[in-house]
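**Student:** Here's the letter readout for the chains.
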Amino acid sequence: MKFRLSIALCILAAFFFGTAFAGPAQQSSPQDARRMPTGDSVVPDTVSQALLERGEKLYVRRCGGCHSLDRNRTGPRHRGVYGRKAGSVADFRYSKALQLLNLIWTAETLDRWLENPAAVARGTSMGFRLGKADERKAVIAYLKSLSDTAERQGKN
Amino acid sequence: MSDNAIPMPSRRALLGATGRTLSVSALAMVTGSGIAGISSAHAADPSQDVDILNAAIALEYEGIAAYQIAATSGLLQPAVVEIGVTFQGHHKGHRDILVKAVETLGGTPVTEKPLEEYAAGLNVASLRNQEDVLRLALRLEQGAANAYLGLIPSLGVNFHQVAGQMAGDEAFHAAILANALGEPIPKAALIFG
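Chains A and B, in that order, are what the protein sequence lines are.
The first sequence lines up with residues 1 to 156 when you count with this note's numbering.
The second sequence lines up with residues 1 to 193 when you count with this note's numbering.
Please note: incorrect hints may appear among the correct ones.
With a Cα cut of at most 27 Å, we get these calculated DSS-like pairs of lysine-lysine [stated by the list, open to error]:
1) B:LYS187 with A:LYS132
2) A:LYS96 with A:LYS57
3) B:LYS187 with A:LYS137
4) A:LYS96 with B:LYS113
5) A:LYS144 with A:LYS85
6) B:LYS113 with B:LYS100
7) B:LYS187 with A:LYS57
8) A:LYS57 with A:LYS132
9) A:LYS144 with A:LYS57
10) A:LYS96 with B:LYS100
11) A:LYS132 with A:LYS144
Everything labelled a hint here was simulated from the structure, so no lab data went into it.
If we strip away everything but chain A, and leave its shape as in the complex, we get:
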């Protein structure tokens, strides 16, 4: 009887601590974020912070083969690209297609670009596509956050 009780206590304790420890981890994935309490107990920044972190990770993994934030490589440098005119990094050699593209990079134009660059600028040398809409959203949010920072620092 006593033995059973202690087992029950152990299970209870494990359950309690288990959920307690799961707490901070909930903020790390969008799936978990949906399970977070709703209403004003949700800190809006937490969600967008998670999106930015996802965007940064995706940026490094998917774009990092060709792009960096501050240095031209196979593709042009990206800091401040959000809100900038297409093809306007002065010391990067763009394709004709991008030089002639009369477009400002916004959430909407970047989304179309990342879905299929050639559909936006036929003849571009960027063939890379980011097929998933949620991944595009995260990367674009990340690029936008860098433009915001650049503006605040008076760099833009």
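We have chain A; now place chain B onto it with these hints.
**Tutor:** Same frame as chain A, but now just chain B:
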């Protein structure tokens, strides 16, 4: 190499052992797939293929330069240099295949830039030790594997397989480098792409 690959061997053991087993050339397989059928069969715009393949050539040149800089940096153990030079050989193989493909399509392949330009682009001045170099190489290889996978839907069908093969080589490199750095094995499927 230890016969059970899951528990991480010590970095040194891993590097020492893999240096000797890497001599099998993935290149023969890649080149074996042949350029012959690539030229005209697909309906996609060949000039768009030329532009995209040229960006891939640029990426390969950067990879070749990165391993060159690493190998001559004095920051690496000899066994690590040996691995890097082998990986560099794969990137040269990719470049040769891509250059041939662009020429077959009637395009002009992009040429190599001076080494200093790649060094500046990669900010190699910030590298202090072997681990820094391995981390840079890992980032580049992961990026390259993902780049090839993301190019596939834009490329004509005749390039799909070779782009997949190149992604495979880069993923192989990334796995070795991640293991050398003691990175955990990703738990979820679809590690790349």
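**Student:** Look at each hint and say if it fits the structure.
**Tutor:** Taking the hints in turn, this is what the structure says about them:
1. B:LYS187 with A:LYS132: Roughly 21 Å separates the two Cα atoms, so the pair holds.
2. A:LYS96 with A:LYS57: Judged against 27 Å, a Cα distance of about 31 Å means the pair is violated.
3. B:LYS187 with A:LYS137: Holds - the C-alpha atoms of A:LYS137 and B:LYS187 are around 24 Å apart, at most 27 Å.
4. A:LYS96 with B:LYS113: Distance of about 20 Å is within 27 Å: holds.
5. A:LYS144 with A:LYS85: holds (14 Å)
6. B:LYS113 with B:LYS100: holds (19 Å)
7. B:LYS187 with A:LYS57: With Cα atoms ~16 Å apart, B:LYS187 and A:LYS57 stay inside 27 Å; holds.
8. A:LYS57 with A:LYS132: holds (15 Å)
9. A:LYS144 with A:LYS57: Roughly 15 Å between the alpha carbons, so the hint for A:LYS144 and A:LYS57 holds.
10. A:LYS96 with B:LYS100: With a Cα-Cα distance of about 23 Å, the restraint between A:LYS96 and B:LYS100 holds, given a limit of 27 Å.
11. A:LYS132 with A:LYS144: holds (18 Å)
Of the numbered hints given earlier, the model fails hint 2 alone.
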